[in-house]
Amino acid sequence: MADYILRRLGIGLVTLLGVAVMVFFIMRILPGDAAVMMSGAGAGAVSEKELAEVRSKLGLDRSLPVQFAEWAGKVAVFDLGTSLRTGKPVIEDIARRFPYTLQVVVMAMVIAVLVGVPMGVLSAAFPGSWGDQALRALSIVGLAAPSFWVGLILILALVWMFQWSAPLFWEPFWVSPWKSITQLFWPALAVGMRQLALIARMTRSIMLEVLGEDFIRTARAKGLSEWAVVMRHGLRNGLLPVVTLIGFEVSALFGGLIVTETVFSVPGLGQYVVTAILNRDYPAAQGIVLILAGIVVLGNLTVDLLYGALDPRTRVQAADK
Amino acid sequence: MSDAGAAPAVVPAGARGARWRTLARIAREQPLGAFGALVLLVMVVVAIGAPVFAPFDPTQGDAASLNSAPNARNWLGTDAFGRDNLSRLIYGARISLMVGLGASLLGVVVGAALGIVSTYRGGWVDTITQRVMDALLAFPMLLLALAMAAVLGPSLPNVIVALAVPIAPRAARIARSSVLVLKATTFIEAARATGCSDLRIIVRHILPNTFAPLLVIATAYLGLAIVQEAALDYLGAGIQEPDSSWGLMMSGSATALALTAPWIVIFPGLAICLTVLASNLLGDAIRDLLDPKLRGK
Amino acid sequence: MNRNDAMQPGRASRRRVLKAGVGALAAGAAPRWSAAQTPKRGGTLRLSSGGDPPDFDVHQTATYLSQFVGAPCYSTLMRADPKDYNRLLPDLAEKTDVSADGRTVTFQLRDGVVFHNGMPLTAEDAAYSLERIRNPAKGIVSPRKGLLGNVEAIEARGPRTLVVRLSQAQPDFLFLVSNPFNVIVPKRVAEPLDAQGQGMKRQIVGTGPFRLTQAVDGQIYELTRFDKYFGPAPFLEKIQMFPIRGEVERSAALQGKRIDGCFFFPNESVLATLRKVPGMTALRRPTPTFINLIPNVQRKPFDDPRVREALSLALDRESFIKTVGPLSGAFYHSLGLMPPGSPYSLSAADIRQFGGYDTLPGLGGNLAANRARAIALLEQAGVPRGFKIVIPTRGDVPAFRDAAINIASQLKAVNLDVTVDIRDAGAFYTIETKGEFQMVVHSVAMGGSTPDQILGEGYTSYGGRNYGMWKDDALDAMYKAQSRELDAKKRGELIRQFQLAFLKTHYQINLAWVGYGAAYWNTVQGWNALPDLYANMQFGEVWLDA
Chain W
978 MADYILRRLG
988 IGLVTLLGVA
998 VMVFFIMRIL
1008 PGDAAVMMSG
1018 AGAGAVSEKE
1028 LAEVRSKLGL
1038 DRSLPVQFAE
1048 WAGKVAVFDL
1058 GTSLRTGKPV
1068 IEDIARRFPY
1078 TLQVVVMAMV
1088 IAVLVGVPMG
1098 VLSAAFPGSW
1108 GDQALRALSI
1118 VGLAAPSFWV
1128 GLILILALVW
1138 MFQWSAPLFW
1148 EPFWVSPWKS
1158 ITQLFWPALA
1168 VGMRQLALIA
1178 RMTRSIMLEV
1188 LGEDFIRTAR
1198 AKGLSEWAVV
1208 MRHGLRNGLL
1218 PVVTLIGFEV
1228 SALFGGLIVT
1238 ETVFSVPGLG
1248 QYVVTAILNR
1258 DYPAAQGIVL
1268 ILAGIVVLGN
1278 LTVDLLYGAL
1288 DPRTRVQAAD
1298 K
Chain L
120 MSDAGAAPAV
130 VPAGARGARW
140 RTLARIAREQ
150 PLGAFGALVL
160 LVMVVVAIGA
170 PVFAPFDPTQ
180 GDAASLNSAP
190 NARNWLGTDA
200 FGRDNLSRLI
210 YGARISLMVG
220 LGASLLGVVV
230 GAALGIVSTY
240 RGGWVDTITQ
250 RVMDALLAFP
260 MLLLALAMAA
270 VLGPSLPNVI
280 VALAVPIAPR
290 AARIARSSVL
300 VLKATTFIEA
310 ARATGCSDLR
320 IIVRHILPNT
330 FAPLLVIATA
340 YLGLAIVQEA
350 ALDYLGAGIQ
360 EPDSSWGLMM
370 SGSATALALT
380 APWIVIFPGL
390 AICLTVLASN
400 LLGDAIRDLL
410 DPKLRGK
Chain G
911 MNRNDAMQPG
921 RASRRRVLKA
931 GVGALAAGAA
941 PRWSAAQTPK
951 RGGTLRLSSG
961 GDPPDFDVHQ
971 TATYLSQFVG
981 APCYSTLMRA
991 DPKDYNRLLP
1001 DLAEKTDVSA
1011 DGRTVTFQLR
1021 DGVVFHNGMP
1031 LTAEDAAYSL
1041 ERIRNPAKGI
1051 VSPRKGLLGN
1061 VEAIEARGPR
1071 TLVVRLSQAQ
1081 PDFLFLVSNP
1091 FNVIVPKRVA
1101 EPLDAQGQGM
1111 KRQIVGTGPF
1121 RLTQAVDGQI
1131 YELTRFDKYF
1141 GPAPFLEKIQ
1151 MFPIRGEVER
1161 SAALQGKRID
1171 GCFFFPNESV
1181 LATLRKVPGM
1191 TALRRPTPTF
1201 INLIPNVQRK
1211 PFDDPRVREA
1221 LSLALDRESF
1231 IKTVGPLSGA
1241 FYHSLGLMPP
1251 GSPYSLSAAD
1261 IRQFGGYDTL
1271 PGLGGNLAAN
1281 RARAIALLEQ
1291 AGVPRGFKIV
1301 IPTRGDVPAF
1311 RDAAINIASQ
1321 LKAVNLDVTV
1331 DIRDAGAFYT
1341 IETKGEFQMV
1351 VHSVAMGGST
1361 PDQILGEGYT
1371 SYGGRNYGMW
1381 KDDALDAMYK
1391 AQSRELDAKK
1401 RGELIRQFQL
1411 AFLKTHYQIN
1421 LAWVGYGAAY
1431 WNTVQGWNAL
1441 PDLYANMQFG
1451 EVWLDA
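Chains as they are written, first to last, in our numbering: chain W, 978 to 1298; chain L, 120 to 416; chain G, 911 to 1456.
Calculated directly from the structure, the hints in this document are not laboratory data.
Please note that a few of the clues may not be correct.
Computed list of lysine-lysine pairs in PhoX-like fashion (alpha-carbon distance at most 20 Å, straight line) [as the list claims (entries may be wrong)]:
| # | chain 1 | residue 1 | chain 2 | residue 2 |
| --- | --- | --- | --- | --- |
| 1 | G | K1414 | G | K1390 |
| 2 | G | K1344 | G | K1390 |
| 3 | G | K1167 | G | K1148 |
| 4 | G | K1390 | G | K1055 |
| 5 | G | K1148 | W | K1034 |
| 6 | G | K1210 | G | K1298 |
| 7 | G | K1111 | W | K1034 |
| 8 | W | K1051 | W | K1034 |
| 9 | G | K1111 | G | K1055 |
| 10 | G | K1298 | G | K1322 |
| 11 | W | K1026 | G | K1148 |
| 12 | G | K1232 | G | K1148 |
| 13 | G | K1400 | G | K1210 |
| 14 | G | K1167 | W | K1156 |
| 15 | G | K1414 | G | K1210 |
| 16 | W | K1026 | G | K1344 |
| 17 | G | K1381 | G | K1414 |
| 18 | G | K1322 | G | K1210 |
| 19 | G | K1400 | G | K1390 |
| 20 | G | K1048 | W | K1026 |
| 21 | G | K1111 | W | K1065 |
Turn these sequences into a full structure, and let the hints guide you.
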């Protein structure tokens, strides 16, 4: 087992190295120039000579491999460099914004699980019923609606109906937890819609499969109530793949947040990374993509380990992968 | 099954009839899937026949009727440039469907090819491909598309490529797991023992067996690509004006008009929802039909 | 022979001419501030802008986002009168003398002015600041150095006297130096930072009525009253600024009384909604920002004046204003190159001789005839039907994006096949500065309305806004001639001649002028909506009637 974890960690590191190489070079081939963006972009009057000076100051005039080596060397000791836009260490910017993003993700996931799992279970308990069909269709609508559109419509509806408007100052969770939760509820809902739908669908199909297996038949034969059969035997055994899905989806959620945070102006990582890319803020964009990738890698590893721990049958297979 | 077998005597007409009956039976069994297929079909027809169906030129605005609400002349109202929303929606279907189909097909085909070949070959080719795919998978999907779109510049083919890039590793992953299972089974061994070439094994034995899951994810990514294209437009890295796409209709000044002229953002959003809904329903139905375990449930 | 009559900044002589011209416009801007009420002290003014300032070094940026936070914190040598932007008031300079030949300007600084960090202001600081704009240290970028291009030498004589020598007389010089971006920074703070190539990007150390006390990226910028401010103490205790990207979201925050005011509502339908709210003032005023179509003169076929004239002929300015105005605030127009209401505007007869300008509202031009002539000109110049043109634009600003979309569809009428490449700002500016385009549509925001500001920056070969990269020595010479003319009447004629000569070339094709949209609750008092947004952002006279 320890061997397996070590090997997986090694692979994870290689993956991160790959991400680092990719994000570094993608940022450099993006049309646009950090020096232009830092020099009063749009005001004209900035000569090529001045731009060259800015570039040399930032070290952007050196060859790409040299720049990459320097950046990678710093990253290896957990230094993500200084943001060109905010002038602060990237890690500091990330640390301040990460809690908001994390909170939205957790809240979105909680909403998705609390609504999605019961929806899926009910759907599977009465397959083919109109309720099942409606829930299926509904869950696909959740998948179908672009999250930024949902956000936009949500804002529209909220403004219309309740004269609601996005908070100006987003309270950090540790300062006033309840206020923070109510503030982030709507963005979390807009983001969690998709996960809710996915979880409902997954739960339904897993439960259908499980409910068809022999031990369920045995349980029914023992005269247990249908409710007990579904809840005690079905759900417990069906939950495993759902847990896996949740693990994978948490990483997908971080991606989905990018647009929603922009729509709601939540000061989280999503907004930060978009601003960083649009401003050609290389260190910030690279750092954050690396962090997000790290979360994905860790998330996948955790899911695999959890899976192995929960279901001994898969342990061998997982080790094979 | 029984229907088809009941009429073997009347060959040509009956065969056609039987096919229709099979279709009808599938539609009865999978009403949602049939609905999805129908919606997609209608959309494709409308998109292809856009010049026939669209009541107005989607690029020419009427400065005398800006942001007008849905009315008898402009069924879905007009946008900020006085352009007919229905016509833009119909022409937009062309771009959005092309992006959806193009990106999901390109991504799935390239990804599946990479996944199948590298997994089948194994060895260092497989290891390297795997690591590259891992890295791509760890990239947030939309960010990858955004960066690719910004690198390539805005145009229809570029957006398709940009959106296909994040799809490919996901398709490769699916293909890989199918191939791994197949490689472990005896019939590939048997085929190899009888002297089948690798190409033949891949084409004749592996491809047909990975086809079902790939088809299912292709339908899922069709919808996702349309949604992501809209997000790219929203972030300002999508299709070129004055062309129309559903995402483009919802971006730019349309968002500032969302309170006073909500029809400008609502209809293209609904069109996206409907398309994604249809493609997912179709995907579900295909999976149910092709998965023997689920049949009869 | 030195003429020692102090030029009273309050009556910057030749401006009286201008005043008459703008009076008509300002009449509509009746301030809500009634003299009967006595201003109250205290309170927090909550405002919103469209995003985070990229940095706080206003010398190094051109965006209003930096200026919005910087203006209440910084001072300039002189500044526009918040009640009449064509008058200059003393700010840091209590007295200003101009020599008889107009080439030596002497500023006498106030005594006892201190920076927010407690250091006293000296003439060294003022000299360093102007030098920093004109000729910055290595690694520091100054987009407005062209404004001070006529400066020959800057010298601090003693602790409170600053002498600026000009290479030729320049009646507009005091206005250029009072540009709200040309603030005075402390030398002892800025110099070492500049040497590192960093500059004043991360801190604000000014002499203004407010000081920056909190800055949380993406959340809040808080300014607090500076107790040692040299001028009359500001009424407000604090100003909070919240970056909110979406316009609808900003208007919702305003309606929900989460903020007291916002000056950034380009979209007319948003502003119209706010106009209907009882207790709210919502208005639109022109500001010196114009939208031009700029062909790249270095690229074929736009080197051909016939092609450029055809572009101008093809465009219906009235329909442009009708369509793009509600989206971007570009509701205004002027005759010639100067802002709406300028005393230097051309006559209708003057402007009609230039192809396409007769479609400005009220001039009764014949669009169909114009377009027929445009087609003929394109044919003469050998431009094939369906010639493909791509206009790159930035997707996040309606004055760029929506203007380009409208122009693309208008140019279709003369058989040009135009598409609009919607890019992010980073890609757009790189394309633009490198000249990798056929034509761009640019919304050019100026920090002032004087001829040297508008014509110098916008319409000279060496001006900062020459994105189309034309070169014309005759035009540059004409510009310099008007710039040094001290006789107001003669100068007026030279400015007219310059405009006529420039318009003939169609190097830049003017479409419309932009107005800013402001909305605030009536509890906000003492803010006067000038026809120049940049000129009135210090908020020293603003108070809350809460």
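Holds or violated: G/K1210 and G/K1298, Cα atoms, limit 20 Å.
holds (12 Å)
20 Å Cα cutoff - pair G/K1111, W/K1065:
Holds - the C-alpha atoms of W/K1065 and G/K1111 are around 11 Å apart, at most 20 Å.
Compare the distance between the alpha carbons of G/K1400 and G/K1210 with 20 Å, and conclude whether the hinted pair is satisfied.
Violated. G/K1400 to G/K1210 sits at ~39 Å, over the 20 Å cutoff.
Pair hint G/K1414 and G/K1390, alpha-carbon separation not exceeding 20 Å
Holds, because 19 Å separates the two Cα atoms, which is no more than 20 Å.
Between G/K1048 and W/K1026, is the straight-line Cα distance small enough, at 20 Å or below?
Answer holds: G/K1048 to W/K1026 is near 10 Å, not above 20 Å.
Going straight from one Cα to the other, do G/K1322 and G/K1210 come out at no more than 20 Å?
holds (19 Å)
Run the distance test for W/K1026 versus G/K1148: straight-line Cα separation, threshold 20 Å.
Since the Cα atoms of W/K1026 and G/K1148 sit roughly 41 Å apart, the hinted pair is violated (cutoff 20 Å).
For a C-alpha distance cap of 20 Å, please report whether W/K1051 and W/K1034 respect it.
Measuring from Cα to Cα gives roughly 18 Å; hence the hint holds.
Pair hint outcome, G/K1298 versus G/K1322 [Cα-Cα no greater than 20 Å]:
holds (10 Å)
Quickly compare the C-alpha distance for G/K1344 and G/K1390 to 20 Å and report which way the hint goes.
violated (27 Å)
Given the hinted pair G/K1111 and W/K1034, is their alpha-carbon gap at most 20 Å?
holds (15 Å)
Taking only the CA atoms, is the gap from G/K1167 to W/K1156 under or equal to 20 Å?
Given pair G/K1167, W/K1156 holds - Cα atoms ~18 Å apart, limit 20 Å.
Going down the numbered hints, you'll see the structure goes against 2, 5, 11, 12, 13, while the others check out.
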